[in-house]
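J.: Heads up: the sequence lines are chains A, B, C and D, in that order.
With the first letter of the first sequence counted as 1, position 369 gets the number 369 in our numbering; the numbers rise by one all the way through.
With the first letter of the second sequence counted as 1, position 31 gets the number 31 in our numbering; the numbers rise by one all the way through.
With the first letter of the third sequence counted as 1, position 92 gets the number 92 in our numbering; the numbers rise by one all the way through.
With the first letter of the fourth sequence counted as 1, position 176 gets the number 176 in our numbering; the numbers rise by one all the way through.
Among the clues, some could well be false.
[Claimed, not checked] With a cut-off of at most 27 angstroms between alpha-carbon atoms, the simulated DSS-like pairs for lysine-lysine come out as follows:
(1) A/K318 - A/K229
(2) A/K82 - D/K352
(3) D/K139 - A/K411
(4) B/K82 - C/K65
(5) C/K101 - B/K32
(6) A/K409 - D/K139
(7) B/K32 - C/K97
[To be verified] Simulated restraints on C-beta separations:
(8) C/E62 - D/V593: 37 to 43 angstroms
(9) C/P100 - D/S197: 53 to 59 angstroms
(10) A/L408 - D/L326: 50 to 56 angstroms
[Stated by the list, open to error] The following residues of chain C were derived to be distant from chain D, with all beta-carbon distances above 10 angstroms:
(11) T10
(12) L14
(13) S16
(14) A23
(15) S27
(16) E28
(17) V47
(18) H53
(19) E55
(20) G110
(21) T155
(22) H163
(23) K216
In case anyone wonders, no lab produced these hints; they're calculated from the structure.
All C-beta atoms in this analysis are idealised placements derived from N, C-alpha and C, irrespective of residue type, glycine included.
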Amino acid sequence: MKGKARLRQLAPLGISIALLTLAACADSYPNTTFDPHSDLGRAIDSIWDRLLILGTIVFVLVEAALLYVVFRYRRRPDDTSKPPQTHGNAVLEIIWTIIPAVILLFIAVPTVRTIFKTQAKAVAGALEIQVIGHQWWWEFRYPEYNIVTANEIYIPTGRTVNFKMTSQDVIHSFWIPQLAGKRDVIANRTNYIWFTPDTTLGASVWNGFCTEYCGASHAKMRFRVFTVKPDQFASWVAGQQRPAAFGAQPNAPPPMLMAFPGAKNDRAAPAPPPNPAATAASAANATLASAGPAYTFPQNQAEFDYAKPHTPIPAGLKFTPGLTGNAARGQQVYSSAACIGCHTITGNPMSMGVTAPNLTHFGSRATIGAGTFPNTPAYLALWIKNARAMKPGVLMPTLGKDEYDPQLKQKVTTGGLDDQQIADIVAYLTSLK
Amino acid sequence: MADHHSHSEAHGADAHVSGEVQHHPGWSTYWKVALILTLITVAEVWAYYIPSFVASRAFVPSLLIMSALKFFIVVAFYMHLKYDHKLFRALFTGPLFIAASTLIALLFLFGHLVAKFGPG
Amino acid sequence: MSAPAAHHYTTTGLDSRKIAIWAFIGSECMLFVSLISTYLIYKGRSVVGPFPHEEWVSPTGEHFKAILNIPITSASTFVLLMSSLFMVLALAAVQNKNVPKTTTGQRILGSSRLWLLATAIAGTIFLGFQAFEFTSFVHEGLSIRTNLFGSSFFTLTGFHGAHVTAGVIWLLTLLAIDYRRGLGPNDALIVDIAALYWHFVDVVWIAIFTLIYLIK
Amino acid sequence: MATTAAPAHLAPKSAAAYDEHSGIWSWIATVDHKRIGLLYLFTALGFFIVGGLEAVIIRAQLQGPNGTIVSAEMYNQLFTMHGTTMIFLAVMPLSAAFFNFLIPLQIGARDVAFPRLNAFSYWVYLFGGLFITLPIFFKVAPNGGWFGYTPLTTPAFSPQVNIDFWVIGLQILGVSSLAAAFNFITTIINLRAPGMSLMRMPMFTWMSFVVQFMLVLAFPVITIALVFLLFDRFFGTQFYEIAAGADPLLWQHLFWIFGHPEVYILILPAFGLVSEIIPANSRKPLFGYPVMVYSGILIALLGFGVWAHHMFAVGMGPIADSVFALATMLIGIPTGVKIFNWIGTMAQGQVKFTTAMLFAIGLVALFTIGGISGVMHSSPPADLQQTDTYFIVAHFHYVLFGGSIMGIFGGIYHYFPKMTGRLMNERMGKVHFWLNFIGMNLTFFPMHFSGMLGMPRRIYTYDSGQGWDTFNLMSSVGAYLLVVSTAIFAYNFLRSRKNGEIAGSNPWDAGTLEWTIPSPVPEYNFAALPNVTSRYPLWEGNEVDAESARINSQEGKTAAELGIVLPYSTIKPMIVAFSMVVMFTGLLTSKAVLFIGAAIMVIALYSWLLAPLEPEHH
Ligand code: HEA
Ligand code: HEA
Ligand code: CUA
Ligand SMILES: [Cu+2]
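Next up, chain A with everything else stripped away, as it sits in the complex (with noise of 0.2 angstroms):
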């Protein structure tokens, strides 16, 4: 009976184990760490690739010798006497010392090895991305081209690219599973990683999620980041790099709201001055606003599609069908209304809110609340109605008329956006590409 019983204490790991090799091949997975797309991401396998066959010998071994002792050793019955009294055996105990003391040294030295490539300062020319966390958002600065944007970010292949990272208010952490580790972006604090994505990568999208406990939205502060090739980052960043599309004004450098603090391990590469190209570009954006449309990755090919969002829409929420909103009105509604508080719309002289995301390529996005939604009209009008509804405890204030706000714990009366004024500020958004 103790036999089959000892086989059915193995059953739960050995499919735990079958499911590995599952979870081996990618596509399936779109979060694995198991193959990564960057120099950094690689380092960092190789060493789980070692502990993992480490890890797997020790554990065979103490396991096989475990069961071993206890099957040949069991009590029979004719045990009546007792077995010989041993206390313990030198030579033994050193050598079950030594072992893994070697072991140890396996993974210890290419540890260390990795530790001071990888934290050593980022090459010179790299691109610098400063992410700045917020409950519960992210904002992405490229200083190199004054852009100012959030929640996704558009990266080269084969450029390295410099994460400068801190936070607004509590710590958040900073990890694209398939591109490379995390790293931790702290208020009053100055953190780096970078790594340079695979030249053989497609233009192709990752999952980027909020992995430090950071209040109630945690579970729903993510990102999407976008390897393209340089060609379609060039043209990503002339079309960042013009003023809001609708409503087109010479374009004035984005507001930096904070600066960041002068960490004793700072270790990047000063950020290069702005590039000519760059000043020229928003010089003579006015032509370039004419020019054809710049490139944001397609949103119907089939890598995109594990970056959607899914989640559904909250129960008790619902628009007006049927309305068709104008982006000329949706403007003067958006420029009066509560909006522009925290908001910036580069281009919109109204508009210079700093607290919330920047808007000012909005149409271009492919998600919102942080990767919460997919960025469609019938999501963007629920969220501008009640997005404290859509997301708890999110910052953004109830502004649907007669919407309940569920922080405030009452209606929205005063103010509150009918559902019209909401479908014009839709439609301005939207054609901000």
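Could you slot chains B, C and D with the ligands onto chain A? The hints should help.
T.: Chains B, C and D with the ligands alone, transformed into the frame defined by chain A:
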């Protein structure tokens, strides 16, 4: 505290009372110790008021040494660890060691000692 | 105080209460190290003044002088040191209660009440200095809420002050017992325990005085 | 009873009433280490159920993508309280239950050094536990995670009352642990029976001894960290205010300087129990006893030098990362020695598969898995992928559930007879074990995968199509199995107290001192203090041990008949504990409450300290 549990063996006890006896130093040592402590303190404060010395690299180390000296004199004589059962020495120095190392480690981690001794 | 050590079987022959107090003191080391580390870690990180050793002019042009007052603190440090001397004398007096005293000198040295009282008074004076220090700091614009320095300074020294207060109460309790039934050699242990605690609090101050006050 | 020996004027008025053997009053007023141990055991099992239920709700929420069983806010309270409950209210007190019950029996003492302080520890734990647990029923439970990182927990970002309960609650619980630790350190140093030298102490007592020192050194640090947070929240200090330039890492370092030793505080007692169970059921002395002792001490020492391995992602820089990585790996060596020595103990023995033994073997098997994943975290580059994912959750459940809980369950089955005089039902016990073993692996092994496949921890919901659905479903099913197994255990435990078969003084024919005395143990433990000449008096002892065993195995005599003086029962420690908690609640309610609580506490404390512990001797 009165909260000490007793065993009823009165007899078993007497054999062990000896451990309780301590050959404390007397008045003569006590006032000398007090004098020394006072002198060191005076020296410390004095040092504090010599700008040139404060500026020199010797300032911090010498102050640390002086207060460490005071620290151990009090522990050794007034807390009569020098004369007492060695168990008490273990109970004090062990934790003190861990505490001190923790303090130093923390100062390194927050980059305070790095400037002086640590790697740049 | 019902259980004089001599009545018990113990493994080491030592009194359990004395072992406990030493274990407690060991633990207190970690407590104060945490406080001191925090103070030192935050040293020089306050975004606004006043500061311990430097003057500070606020953006509004207000002028704040360096906060720490070395002369006063040196005096209080000296008082606390002396209290330790009084404490050992109190213990010695209790231990030698039964030794006949011939000269007045011996009688003075042998008076446990005198020395217990002296220790308690010295402790109280130290607390008085601290109260003065705290109030004057507040007048000079440094409260526990002002900046990191204020928070860590008041908390650290406040914790030490709380320990001194507890010590004074403990001493007064012993003094009361001494008056009620007189403390003799049998009570040496409970006085010794109080003394160990008292000296430790003194020792902690020795560290604080150097690390916080003197080193700039 | 004790009082008969006492001069009337010293005897508390209703002392006679206290000393009746049963009745709720006799439990409230008890200072008997065995009863206090049982109080700890029952209370902690209750909290284990609570923490478990919280876990089960968590699993139900995560069973599939976009779960809607609880809100985000509720979920955050659930995992915070689950972690806090399991660590501070379940596992630590379960260990404390064994400290109380076993240590005096194993070293041949009549009680702990400070019986009333011991009662105090328990009552503080009980009231503190309620204080921190009850809020969840009103949806205002702590929600900052079990390590409450600042600045999230500062008033700036958590202005509500939730975190207050956490800060104050942990503060209270700290008092309990510290008081108990001083008590046991003194007890083990000073109340060992004649001949019970340190190197003859049973391994459980040894590991407990080590743990007490870790407690004494680790708790002051979190106490201070919490004091800062308390001041920030109540008195406007700025220790963690980022606006004032505070460094968010200060809290993390202080917390983990406590937090890592804490995890060994959670495991070493279980190791100790297993080191008793395995020899008993293998009929062989513990293999490599001295090395087991030294490795325990070494683990504790190293344990104070590795805390920052919880912070590999915060950007400490390459040097600190390397140092802490190496220190962390080192701990694998002494721990390995323990694993191997347990196997060595069973080797060439006669292994009997009692339920207790199954749990012990389970610990060796499962803790190893958790240890190995621990070593995988210890490499910072690798940890950058693992940290704050379910891979970590898998690690610490293997060491905590597969280690601590398995060991403690084993301990309960093994020592139940000594506590109650009756055996737990072995058949039910084995069902409990296997369900537990399978459910445990089914719950936590898949977490390795969901973690490495990118699932962050502490998320109240996840999107479909991320490749996590299957693994989460498995975990949830496993958790439901654990509910069943735990329910079976609860039933067995409660039922066997009255109906289990009579055990006799040494049902497992084990070798250590506690098995020489009757079960259940008479209140004076040992009729005469034993003389000890060996590690296993019942196995290797000479006639001296035999004689002690003979005297102490006699049943039925009362303390009075033997002329043994026992300490008075008293409720003063309980009053002090209660008024202390009242005092703390004053922070949340009004100064009046605070001062009243403080006043009562001081008065009760004085009357406790000035009252005699026990009757005078004659
Ligand atoms: C009982 C509690 C317990 C125990 C005993 C351990 C034991 C260990 N833990 Fe674990 N740990 C936790 C509880 C525990 N841990 C908890 C609760 C957390 C998470 C806290 C949180 O974030 O919420 C955590 C998190 C944690 C981290 C942080 C991960 C992260 O957040 O990024 C790390 C990193 O190094 C770590 C490492 C280790 C190591 C190296 C050991 C070692 O002691 C293990 C040693 C044992 C073995 C190695 C197995 C037996 C040895 C052999 C068979 C010999 C041969 C083996 C080799 C040569 C490898 N643990
Ligand atoms: C000793 C510690 C311990 C123990 C035993 C457990 C036990 C369990 N834990 Fe956990 N856990 C932690 C310590 C522990 N845990 C910690 C420290 C964290 C981190 C928290 C944080 O991130 O802050 C954590 C976090 C944690 C998470 C991650 C949450 C998140 O990050 O979002 C999960 C998720 O599945 C989980 C699950 C479980 C489960 C299913 C069990 C199961 O083993 C529970 C089994 C027990 C029962 C099922 C008992 C209930 C029994 C009954 C109800 C039967 C009825 C009987 C009667 C009424 C008589 N735990
Ligand atoms: Cu931001 Cu989690
Ligand atoms: Cu740890």
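J.: If a hint holds in the structure, say so; if it does not, say that too.
T.: How the hints compare with the structure:
no. : hint                                : result
1   : A/K318 - A/K229                     : violated (41 angstroms)
2   : A/K82 - D/K352                      : holds (13 angstroms)
3   : D/K139 - A/K411                     : holds (22 angstroms)
4   : B/K82 - C/K65                       : violated (44 angstroms)
5   : C/K101 - B/K32                      : holds (23 angstroms)
6   : A/K409 - D/K139                     : holds (15 angstroms)
7   : B/K32 - C/K97                       : holds (23 angstroms)
8   : C/E62 - D/V593: 37 to 43 angstroms  : holds (40 angstroms)
9   : C/P100 - D/S197: 53 to 59 angstroms : violated (43 angstroms)
10  : A/L408 - D/L326: 50 to 56 angstroms : holds (52 angstroms)
11  : T10                                 : violated (5 angstroms)
12  : L14                                 : violated (7 angstroms)
13  : S16                                 : violated (4 angstroms)
14  : A23                                 : violated (5 angstroms)
15  : S27                                 : violated (4 angstroms)
16  : E28                                 : violated (7 angstroms)
17  : V47                                 : violated (4 angstroms)
18  : H53                                 : holds (18 angstroms)
19  : E55                                 : holds (19 angstroms)
20  : G110                                : holds (26 angstroms)
21  : T155                                : violated (7 angstroms)
22  : H163                                : holds (13 angstroms)
23  : K216                                : holds (20 angstroms)
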